[in-house]
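Asker: Each chain, letter by letter, is given below.
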Amino acid sequence: MNRINSLLAGVLSSRWMKALAVVGMAGVAEAQGGNRWAPFPPASDFGHRFSELFWLITILCSISMVIVVLLLLIPLLRDRARPGHKANYDHGSSLHDKRLTAVISLATFIVLDAWVLAIAMKDLREAYWNMPEVDQAETYPIEVLGQQWAWHFRGPGLDGEFGTPDDILEMNQLTIPKGRPVSFQMTSKDVIHSLFLPEMRTKKDVNPGSINKTWFKPIEAGEFTILCAELCGYAHYQMFGNLTVMEQEDFDEWEESASLLGIAAYDPEDEEAQWAWEWEE
Amino acid sequence: MSGQHIHAEPTNFFRKHVFSVDHKVIAKQFLWFGLIWLGIGGVMAMMIRWQLANPGEPVPVIGSMLFPRTNGVLDPATYNTLFTMHGTIMIFLGLTPLMIGAIGNWSIPLMIGARDMIFPLLNCLSFWAMFLGGAVGFISLFVPLGATEAGWTGYPTLSTTINGVGSGETLWAIAVFLIGASSIMGGINYMTTVIRLRAPGMTWQRLPLTVWGIFLTSVLNVLFVPVIGSAMLLLIMDRVFGTTFFIPASIMQGAGGGDPILYQHLFWIFGHPEVYILILPAWGIIGDLLSFFSRKPAFGYRAQVGAMVAVTLLSAVVYGHHMFTTGLSAMLGESFMLLTMIISVPAEILFFNWLHTLWKGNLRLTTPMLFSMGVIFVFGLGGLTGIYLATIGTDIFLHDTYFVVGHFHLTMAASALFATFAGIYFWFPKMFAREMNEFLGKTHFWFTVIPLVTVFCLMFVMGYAGMPRRYYDHTSAEYLRSLQHLNKYATHAAFLLGAAQLVFVYNFIRSRWWGKPASQNPWEVGTLDWTMETPVPHYNFKEIPEVFTGPHEFSNPDIPDGKDWISMTEKLKA
Ligand SMILES: [Cu+2]
Ligand SMILES: [Cu+2]
Chain W
1 MNRINSLLAG VLSSRWMKAL AVVGMAGVAE AQGGNRWAPF PPASDFGHRF SELFWLITIL
61 CSISMVIVVL LLLIPLLRDR ARPGHKANYD HGSSLHDKRL TAVISLATFI VLDAWVLAIA
121 MKDLREAYWN MPEVDQAETY PIEVLGQQWA WHFRGPGLDG EFGTPDDILE MNQLTIPKGR
181 PVSFQMTSKD VIHSLFLPEM RTKKDVNPGS INKTWFKPIE AGEFTILCAE LCGYAHYQMF
241 GNLTVMEQED FDEWEESASL LGIAAYDPED EEAQWAWEWE E
Chain Z
1001 MSGQHIHAEP TNFFRKHVFS VDHKVIAKQF LWFGLIWLGI GGVMAMMIRW QLANPGEPVP
1061 VIGSMLFPRT NGVLDPATYN TLFTMHGTIM IFLGLTPLMI GAIGNWSIPL MIGARDMIFP
1121 LLNCLSFWAM FLGGAVGFIS LFVPLGATEA GWTGYPTLST TINGVGSGET LWAIAVFLIG
1181 ASSIMGGINY MTTVIRLRAP GMTWQRLPLT VWGIFLTSVL NVLFVPVIGS AMLLLIMDRV
1241 FGTTFFIPAS IMQGAGGGDP ILYQHLFWIF GHPEVYILIL PAWGIIGDLL SFFSRKPAFG
1301 YRAQVGAMVA VTLLSAVVYG HHMFTTGLSA MLGESFMLLT MIISVPAEIL FFNWLHTLWK
1361 GNLRLTTPML FSMGVIFVFG LGGLTGIYLA TIGTDIFLHD TYFVVGHFHL TMAASALFAT
1421 FAGIYFWFPK MFAREMNEFL GKTHFWFTVI PLVTVFCLMF VMGYAGMPRR YYDHTSAEYL
1481 RSLQHLNKYA THAAFLLGAA QLVFVYNFIR SRWWGKPASQ NPWEVGTLDW TMETPVPHYN
1541 FKEIPEVFTG PHEFSNPDIP DGKDWISMTE KLKA
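Protein chains in written order, with this note's numbering: chain W, 1 to 281; chain Z, 1001 to 1574.
Some hints could be false.
[To be verified] Simulated pairs of lysine-lysine, BS3-like, Cα-Cα distance not exceeding 27 Å:
hint: 1; chain 1: Z; residue 1: 1360; chain 2: Z; residue 2: 1542
hint: 2; chain 1: Z; residue 1: 1563; chain 2: Z; residue 2: 1516
hint: 3; chain 1: W; residue 1: 86; chain 2: Z; residue 2: 1563
hint: 4; chain 1: Z; residue 1: 1442; chain 2: Z; residue 2: 1542
hint: 5; chain 1: W; residue 1: 86; chain 2: Z; residue 2: 1442
hint: 6; chain 1: Z; residue 1: 1571; chain 2: W; residue 2: 86
hint: 7; chain 1: W; residue 1: 86; chain 2: Z; residue 2: 1573
hint: 8; chain 1: W; residue 1: 98; chain 2: Z; residue 2: 1542
hint: 9; chain 1: Z; residue 1: 1360; chain 2: W; residue 2: 86
hint: 10; chain 1: W; residue 1: 217; chain 2: W; residue 2: 178
hint: 11; chain 1: W; residue 1: 189; chain 2: W; residue 2: 213
hint: 12; chain 1: Z; residue 1: 1016; chain 2: Z; residue 2: 1542
[Unchecked claim] These stretches of chain W come out as covered by chain Z in the derived footprint (C-beta under 8 Å, 3 or more residues):
hint: 13; segment: 34 to 43
hint: 14; segment: 85 to 97
hint: 15; segment: 166 to 180
hint: 16; segment: 185 to 197
hint: 17; segment: 259 to 268
Read the hints as simulated data drawn from the structure, not as lab findings. Since this is a predicted model, take the numbers as computed values, not measurements. From the three backbone atoms N, C-alpha and C, an ideal C-beta is built for every residue, glycine too.
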């Protein structure tokens, strides 16, 4: 199994796959004067896994669709009813036909589904399901509270603890460091929302009544997008924010000043602001 | 079989046309009912597309009439109502009555050689339950606290909280419940009829594929519609009686302690089979029609039936693929991904056999044939794009984007719609004793398939580019503004698609009353539904026919008289 996996990984990381992904994303995006036909380039490790899988499925599906269209077009052009022309009397129930049906279906399953499945499983085990341990030096934790219609983010601040006066509170704006896993714990005040970070190629529902977890590793610094992907009422379409990914040095500086600002603005009377929970391991 | 009663034909207008128990009348009731709702749902789609391409501009022509308060502009609440009701209407009040109610009612007794459904009164009740459901759904649009705005999926806690939606949501849930009751009644009736009332010689191996498809759909209806019925009941309790099945303690000031995710499980346990509830009859219909119009036997009949049975079984165990982003555990996520992928094996068997049925046939490219081939094309596009959504790694990005919208419109909406059109064009001459115009039919097909594929393929691009669904306005967020041009293209194509349906309406109405009188068997096919005179007499068969050959014996060299078809009631030479 491992050998197959490494073989697959080899094919996928080959130069033509990469070239294709570049043409598919960046090339088309720049055309048409700001009008794009593709997402902005991926800015997280998930993003690259997504692109590889997406283009593999696209190639396989395109080939399948071309075959289906050909098999529709050929009879359409060749076998139209006309005087003197007869249909082939064939129930397709011979042993040969049955074998052919089985072989073609299974072959398609293996090429189309099993291949994709194998890579998807590998990605899931290595990345999506593989939640990082939270230790302050490496993983940066964030608590998210969704509400109609705003995103609240809480960083632990300098003491590394949630629910303390030095927490960093942001609204519709999230600031995180580059190159480190960022771990999210999320819940909602009212209805279901879904934290959608298109450039990070990730998304997770934010449910009331329970804490949902996700993580990713940003590998590009810059300004990115936060959207809500689950219908949450009247202003669902306006529930967006900004994601800032900073280089580690810039982030350290920012974290310190934001944490100090947090302490200055801390008001124990303000119940609305006390929504933190104990970080769940 | 001998136990089929014969009552005198009712002469009273109400017994004959309104509360009729005759499956043929009920089929026509479902047909008109479904077409009207399809029209309403279609107009809603046009308004949605208008808003997306021209956010905040008044809807032309009908806008100021429908929304006088805003001078024809859709506000976000109205927009949410529109896409919620568009989905609910198209699925429950458009495709379900057309495909299962109309085509099911028409074809089952006629194709299996029965005088009527086994429970005629239940049949009548099934239509009127759906009618009532439709009426409640319609009223829900006008209640004081506002119509439903929670999406056709109606997820709590948006559908339960007071700042979510108005009392229209309760009526919406009641409507879905009533329509569900109708589907269960229909399902029990269809299943029992197929099991008990097949004519002598109509073995399971000779059953037309249409009947197989509707039979399997009935099984799914009876098994899974009760699940959404229970979800709707619990939702109504939460909304009206203050229970908290779906409302967590955290938003009830500590009281209660339900779980909104529970609703999603209930919804999708039904919701995924619902896709197959709509698609199995479509597969059955085109399995027959491709054979009829290729003048060739249905290739691999047994394999097709086996594949449909396999999909029926599998459809029960894959629903979790709708919930990959809700926080399903790794084990559940991977299991649902694998099980979903396995569905592509029976799907592949069906494609293989459909395409093989066409191969070296003698293709009569009539309107029903074009629509049947259209199903292969749109279902191919829809089915293949399902792989992106079954794969967790790609679904996490694509979930709740326009990619999903494109996918399910091609798979369940367009495929079911095309098969419905194929069925209507095919059975119209028997139903109304008049022929539909073929030129207009073909025009309808080409002006439907091209814009339709354009709209939904553009949606794949939008979704891939990161455009979330159910957004009132895509120009407010910077990230989405650069995708607005795609919305414009899609809207142009959608309007063309909408306009093409007027050709169908014109053709249908004109043919219904002024069309050329139809002969007994205009398509020259052998199934029992074409063996009686046109129009079909009261109780269909004076004598219950006896079946000697299969439904697809086209171009058999043993057919007497040099024809290329033989009726199921005739015997082949020696
Ligand atoms: Cu939202
Ligand atoms: Cu599904």
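Asker: Work down the list of hints and note, for each, if the structure agrees.
Answerer: Taking the hints in turn, this is what the structure says about them:
1. Z/1360 - Z/1542: Violated: residue 1360 of chain Z and residue 1542 of chain Z sit about 39 Å apart, past 27 Å.
2. Z/1563 - Z/1516: holds (25 Å)
3. W/86 - Z/1563: Measuring from Cα to Cα gives roughly 11 Å; hence the hint holds.
4. Z/1442 - Z/1542: violated (36 Å)
5. W/86 - Z/1442: Satisfied, since the Cα-Cα distance of roughly 24 Å is no more than 27 Å.
6. Z/1571 - W/86: Given pair residue 1571 of chain Z, residue 86 of chain W holds - Cα atoms ~21 Å apart, limit 27 Å.
7. W/86 - Z/1573: Given that 27 Å is the threshold and the Cα spacing comes to 19 Å, the pair holds.
8. W/98 - Z/1542: Given pair residue 98 of chain W, residue 1542 of chain Z is violated - Cα atoms ~40 Å apart, limit 27 Å.
9. Z/1360 - W/86: holds (9 Å)
10. W/217 - W/178: holds (7 Å)
11. W/189 - W/213: Distance of about 16 Å is within 27 Å: holds.
12. Z/1016 - Z/1542: Within the cut-off at roughly 20 Å; holds.
13. 34 to 43: holds (count 7)
14. 85 to 97: holds (count 10)
15. 166 to 180: Since three or more residues must qualify, the claim that chain Z covers the segment 166 to 180 of chain W is violated, with 0 doing so at under 8 Å.
16. 185 to 197: holds (count 7)
17. 259 to 268: That given contact is violated, which follows from only 0 residues of the segment 259 to 268 of chain W lying within Cβ reach (below 8 Å) of chain Z.
Of the numbered hints listed earlier, those contradicted by the structure are 1, 4, 8, 15 and 17.
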